[in-house]
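Q: Residue strings, one per chain:
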Amino acid sequence: GQSLEQPSEVTAVEGAIVQINCTYQTSGFYGLSWYQQHDGGAPTFLSYNGLDGLEETGRFSSFLSRSDSYGYLLLQELQMKDSASYFCAVRAPMNTGFQKLVFGTGTRLLVSP
Amino acid sequence: SAVISQKPSRDICQRGTSLTIQCQVDSQVTMMFWYRQQPGQSLTLIATANQGSEATYESGFVIDKFPISRPNLTFSTLTVSNMSPEDSSIYLCSVGPGQGLPFYEQYFGPGTRLTVT
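Quick note, the sequences are listed as chains E and C, same order.
So for the first sequence, the working numbering puts the first residue at 704; every next one is plus one.
So for the second sequence, the working numbering puts the first residue at 19; every next one is plus one.
Just chain C, same shape as in the assembly:
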């Protein structure tokens, strides 16, 4: 399996500011995904990040609002820009496939709980 860490684990931010969330995985992986999950709700894919290429955003999500970096095969960041209370959510990093991992398994980080006031 892959072990994923996220920083910060939680944060309370003021509207209009930005927060960068870091995702670190303990092995090299091809793809890193960023999801958003409201408490009690399903997971919504924001974007997919591959090393050396532009992130691919899902419908309803744009780069200006959620810029992503993927500088190497074990690390990615997601920035939530110009935040509003509607951005309050749990943000999850996910990875897969990776070296020695089944192609169909994705692993998730513990999440970053963001509250925007």
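Pulled out of the complex, with its shape left as it was, chain E reads as follows:
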């Protein structure tokens, strides 16, 4: 089976830094991705970690520790537009030899002025 746990909600103020954690338990692992979804919108790709360590993309960074089955998304210099839901997702193997995304429970981020 597969399970990915995230905090349900995180609140922060503009300009702050926030970290969203993700712990996973999956049968097979090819990397951890993060997606952002605004209300009524489609999920959009933010970052991917295939190996342990930190990946940085502008104000967003993502970290992975495969030995701990743990990752996080770090958002810096928060802006109001960052208010959205954030999902971690594991790339897991399929019987067909391809890979699929299994999504976490999701974290709703609320940024206040």
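The reader is advised that the hints may include incorrect statements.
What the hints assert, rightly or not - Here chain C is said to cover these stretches of chain E; the calculated rule only asks that three of the stretch's residues, wherever they fall, bring their Cβ under 8 Å from a Cβ of chain C:
id, segment
1, 739 to 748
2, 794 to 807
What the hints assert, rightly or not - To list a few chain E residues with every Cβ distance to chain C over 12 Å, as calculated:
id, residue
3, Leu707
4, Thr726
5, Ser768
Stated by the list, open to error - From chain E, some residues computed to sit far from chain C (all C-beta separations above 10 Å):
id, residue
6, Thr714
7, Gln722
8, Thr729
9, Ser764
10, Leu777
11, Met783
Quick caveat, the hints were computed from the structure, so don't treat them as lab data.
Computed from a prediction, not measured in an experiment: that's the story for all the values here.
Glycine included, each C-beta is placed from N, C-alpha and C at the ideal position.
Model the placement of chain C on the given structure of chain E, informed by the hints.
A: Same frame as chain E, now just chain C:
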């Protein structure tokens, strides 16, 4: 990136009927995925569709309820059959990898909001 369109964007259907959702992508892609998402909840994978082969269904989803077609590398359909109110949800099409796209990126369509009465 890949641009994905879905039709219809929303629909209200009566129980016992069926609805077919179309997904069109602007470039050729290897895999197309169908997800279901309840408002405020996570995404649950229904099935994976590759061209020229049977769709692969996740645990809890069956072909009779959610038949899928994948006639070419840019198009797929998902049918929600014999609907009940429990099928009310947002259905999302997703694609990846594709030509010139990173293997780890998936792109999502805008979704189809289905309400079954």
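Q: Confirm or reject each hint.
A: Okay, the hints, checked on the actual structure:
With a threshold of 8 Å between beta carbons, the proposed coverage of the segment 739 to 748 of chain E by chain C holds, since 5 of its residues qualify and at least three are required. For the segment 794 to 807 of chain E, the assignment as covered by chain C holds, since 10 residues bring a beta-carbon within under 8 Å of that chain's beta-carbons and 3 suffice. With 12 Å as the threshold on Cβ separation, the claim that E:Leu707 sits away from chain C is violated: the shortest Cβ distance comes to roughly 9 Å. Annotated as non-interface, E:Thr726 keeps its C-beta farther than 12 Å from every C-beta of chain C; the closest such distance is 15 Å.
Residue-level check passed: E:Ser768 sits 18 Å from the nearest beta carbon of chain C, beyond 12 Å. Residue-level check passed: E:Thr714 sits 16 Å from the nearest beta carbon of chain C, beyond 10 Å. Non-interface status of E:Gln722 relative to chain C is upheld: no Cβ of that chain comes within 10 Å, the nearest being about 20 Å off. Remark: the non-interface label on E:Thr729 is consistent with the geometry, its nearest Cβ contact in chain C lying 13 Å away (cut-off 10 Å).
A cut-off of 10 Å between C-beta atoms confirms that E:Ser764 is not in contact with chain C; the least separation is 17 Å. The non-interface label for E:Leu777 is consistent with chain C: the shortest C-beta to C-beta separation is roughly 19 Å, beyond 10 Å. Every C-beta of chain C lies more than 10 Å from that of E:Met783, the closest at about 20 Å, which supports listing it as non-interface.
Hint compliance for this structure: hint 3 is the single one not met.
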